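Assemble the complex: chain A is given as a structure, and chains B and C must be docked to it using the hints.
Protein chains in written order, with my numbering: chain A, 1 to 260; chain B, 1 to 327; chain C, 1 to 269.
Bear in mind the hints are in silico, worked out from the structure with no lab data behind them.
Cross-link-like lysine to any residue pairs, in silico, SDA-like; alpha carbons within 20 angstroms at most:
1) C:K109 - C:S6
2) B:K156 - A:A15
3) B:K156 - A:Y20
4) C:K109 - C:I179
5) B:K156 - C:K183
6) C:K183 - C:T102
7) B:K31 - B:R14
8) C:K183 - A:Y20
9) C:K109 - C:G3
10) B:K93 - A:P98
11) B:K93 - A:M1
12) B:K106 - A:A78
13) C:K183 - C:V173
14) B:K106 - A:Q85
15) C:K183 - C:Q93
16) B:K106 - A:Y16
17) C:K183 - A:V117
18) B:K106 - B:Y216
19) C:K183 - C:R88
20) C:K109 - C:T14
21) C:K183 - C:V98
22) B:K106 - C:Q100
23) C:K183 - A:Y16
24) B:K93 - A:V252
25) C:K183 - C:Y264
26) C:K183 - A:P115
27) B:K93 - A:W248
28) B:K106 - C:Q99
29) B:K156 - B:G186
Source: prediction; values computed, not measured.
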Amino acid sequence: MNGRIARVLLSTQYAYMLEYRAEIALWALSGVLPFIMLGVWSQAEAASSLGLDRIQLGRYFLAGFVVRQFTLAWVVFAFEEDALQGRLSPYLLQPLHPLWRYLAAHLAEQATRLPFVAAIAATFFLLQPETFALAAPQRLLLALLATWLAFALNFLLQSSIACLCFWSERASALERLLLIPFLFLSGLVAPLEAYPPAMRQLAYATPFPYMIHFPAQLLAGGPVAVAAGFRAMLGWLLLLLPLCLLLWRTGVRRYTAMGA
Amino acid sequence: MSLVRVDDLGKTYRIAEKQPGLAGTFRHFVKRRHRDVEAVRGVSFTIEAGEVVGFLGPNGAGKTTTLKMLSGLIHPSSGSVEVAGHRPHRRQKAFLEQITLVMGQKQQLIWDLPPLDSLRVNAAIYGLDQGESRRRIGELAEMLELGEELTRPVRKLSLGQRMKAELLAALLHRPAVLFLDEPTLGLDVNAQARVRSFLADYNRRFGATVLLTSHYMADITALCPRVLLIHQGRLFYDGQLSALAERLAPYRQVRLDLARPLPEVPWSDYGELESCEAREVRLLIQPDRLTETLARLLNDLPVVDLEVSDPPIEELIGRLFRQGEVA
Amino acid sequence: MGGAASEWLRYLRTLRRFWGTALASQMEYQLNLLVELVAMAGNLAGSAFLLSLFFGPGQRLGGWRWEEALVVLGIYTLLDGIATSLLRPNLGQIVTHVQQGTLDFVLLKPIDSQFWLSTRTFSPAGLPEIVVGLALVGWAAARAGGSFSPTSLAQAILMLLASVVILYSLWFVLATTSIWFVKTWNSTEVLRAALAAGRYPVSAYPAGLRSFFTVVLPVAFLTTVPAEAILGRASSRWVVSSLLVAAMSLLFSRLFWRLALRSYTSASS
Chain A
1 MNGRIARVLL
11 STQYAYMLEY
21 RAEIALWALS
31 GVLPFIMLGV
41 WSQAEAASSL
51 GLDRIQLGRY
61 FLAGFVVRQF
71 TLAWVVFAFE
81 EDALQGRLSP
91 YLLQPLHPLW
101 RYLAAHLAEQ
111 ATRLPFVAAI
121 AATFFLLQPE
131 TFALAAPQRL
141 LLALLATWLA
151 FALNFLLQSS
161 IACLCFWSER
171 ASALERLLLI
181 PFLFLSGLVA
191 PLEAYPPAMR
201 QLAYATPFPY
211 MIHFPAQLLA
221 GGPVAVAAGF
231 RAMLGWLLLL
241 LPLCLLLWRT
251 GVRRYTAMGA
Chain B
1 MSLVRVDDLG
11 KTYRIAEKQP
21 GLAGTFRHFV
31 KRRHRDVEAV
41 RGVSFTIEAG
51 EVVGFLGPNG
61 AGKTTTLKML
71 SGLIHPSSGS
81 VEVAGHRPHR
91 RQKAFLEQIT
101 LVMGQKQQLI
111 WDLPPLDSLR
121 VNAAIYGLDQ
131 GESRRRIGEL
141 AEMLELGEEL
151 TRPVRKLSLG
161 QRMKAELLAA
171 LLHRPAVLFL
181 DEPTLGLDVN
191 AQARVRSFLA
201 DYNRRFGATV
211 LLTSHYMADI
221 TALCPRVLLI
231 HQGRLFYDGQ
241 LSALAERLAP
251 YRQVRLDLAR
261 PLPEVPWSDY
271 GELESCEARE
281 VRLLIQPDRL
291 TETLARLLND
301 LPVVDLEVSD
311 PPIEELIGRL
321 FRQGEVA
Chain C
1 MGGAASEWLR
11 YLRTLRRFWG
21 TALASQMEYQ
31 LNLLVELVAM
41 AGNLAGSAFL
51 LSLFFGPGQR
61 LGGWRWEEAL
71 VVLGIYTLLD
81 GIATSLLRPN
91 LGQIVTHVQQ
101 GTLDFVLLKP
111 IDSQFWLSTR
121 TFSPAGLPEI
131 VVGLALVGWA
141 AARAGGSFSP
151 TSLAQAILML
161 LASVVILYSL
171 WFVLATTSIW
181 FVKTWNSTEV
191 LRAALAAGRY
201 PVSAYPAGLR
211 SFFTVVLPVA
221 FLTTVPAEAI
231 LGRASSRWVV
241 SSLLVAAMSL
251 LFSRLFWRLA
261 LRSYTSASS
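Same shape as in the complex, but just chain A (with noise of 0.2 angstroms):
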């Protein structure tokens, strides 16, 4: 991997995913849940019982979406339909890890995303013009920071998963499981300010929080502790990083022994 096949794949994939924008336009429609939830915090008795403004709430799950687009991972399905189609051998004989590939294709399709997530933004602060704030500059390069980081915590479990592809036909599946307690804990279907302290400690023992409450709390503008977040992102990365890369390895190793 150099700067050179960096650029060619991720313009290439860039024009590939801009054949596919109605659909990619619908994926991004179809991350509402933050909406509904906004809808029931907002006319909730107990939204002020647990010290939760309603315009504040507004921008967290305002923010809680526009995090969830730009970090979400398809790494196993993906991956589960080129070995499927056989695509993954010639992808093997080829001198670029394909983990590569599909990183560029994340990214080529969040930059044909962009415009989509904007204008249900813009629709959103027209129905809610309270909410509209902007945030302070140095605030704004955290939180977009945070979401980069976020984006490779998504993408390095998922990677992870996709592996294990290797072992089982329906990996994907697997997939499907890690995504109860992303929902519940990861900040997408309420503020992590409103759960119980004991759930809120078990939350912060997960990866979750990370990928969604920490760098819409930032963009929001509401109450995050910076340093300590920055910190565990870094730890929890350190951790699966490495983890990916051995399980791809020997997952290969299987594939190739079992008869690619």
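For chains B and C alone, kept in the frame of chain A given last:
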């Protein structure tokens, strides 16, 4: 030093077994049974640089498995294999840059984009600079008779054009060894012929070693002076195709059209009976007794029409595989 | 007897054969089923926990008590299970048929194409959800003091059936659009995502969303109305509207399908 060296190569798989029916489904769900299948066993051969070799055999014989072991996609269970001084299954960068794999009806090119985009990616991956890659694309495109097809999305190309574009992409880095698995599968007769002539041309021009599997005999006869016959995982024959034909077919095929059906004739007096349907009879006759037998047939029987031919090599090889060994 | 009765019998027998082979092929994937069970348990636990956050001491959600809201969650789980078992495996195949040209084979079979496409297969993956959903509904309704009198039970079942029909029709119509627009095949995913709103009673939403979830995307009819029926407090107005919406949506799906087929068969190649 040979380019390809294979010694006592073997590959065994474990597969799960399931009994049919609903009871079998539940039993399989609870406890799975396995059995071992030897896909390849005891195969040994060497190939020199620049050779064009065909792997021939019925479906499931083990030729694709052998090819995948040579290219590094499958880890052998036993024996050793060395290609261009490397052990293929380690898939080291230096090895990968010298080989290419093309599989019939399997797509490497990006579906929704023109082939040129996929070519750009390959050029970057193999480290070809812009000028060099442009030159090679031009050269290969001319050999393959591809022009504006390179700028059309792959999904808009016909199967034949797609295959040619695939070949272009696969050969851009000018590999020393080409592995081709059923490259003409599904193509129409014209496209097949063009792919064959291209491969022959490529081998002549660049001296690349070509290893090819196919169950289209025409591919083999057109391209491969040397064949390796693989049946039930074992190497049956390794040598010149012409010698094989001679060895397998020490007889000529004779087709008789009779004036009326004659079920009572003792055909074995004339030669080996291949088929007898109403008034059409096919016989296999030794070449040295051909004229004498034909004279007797014309004399003894009411023959309306007669045709003498060489049995097609596919038939010979098919018979060979049914019989189970080379004489 | 009559031609109609034997027709129905033929369809029933076909259904049995469809689902028998589907079961055999699905059970090849042991891991898949196990994962479904664990996923369902986790999902339900998480949803119940999330719901509990709204019910501090003495608090209500849109006027609903905790046990009543659980009934809604139970109905949502039940419907989700039905979607996983019946709707997703079948209606998700429509776009595949269009892409691969195998829709032609379906149209040439001596059996109604909408029936075929809608019931061809069935996935046991949704069964745990259906069972647990029903159990949750029963348990929560008892806790909430709902009556289990024959009339309210009959009403409840009727409303549930109406929900299934409405869900089916919505999904089917969206899946059918892939005959014209293959590139927007995942519009059914947007539907599925939006249906998550059915986890909560419709009165929990602000006024604007409430009308949206009643008129545009009838989530209200899907979970809230059957819940009210089970709790024995369904107003006849809602019951009748629900039945009407179900009938109309089914009819619409049929007409829409005919329109789509006409367009499909008149297009060349």
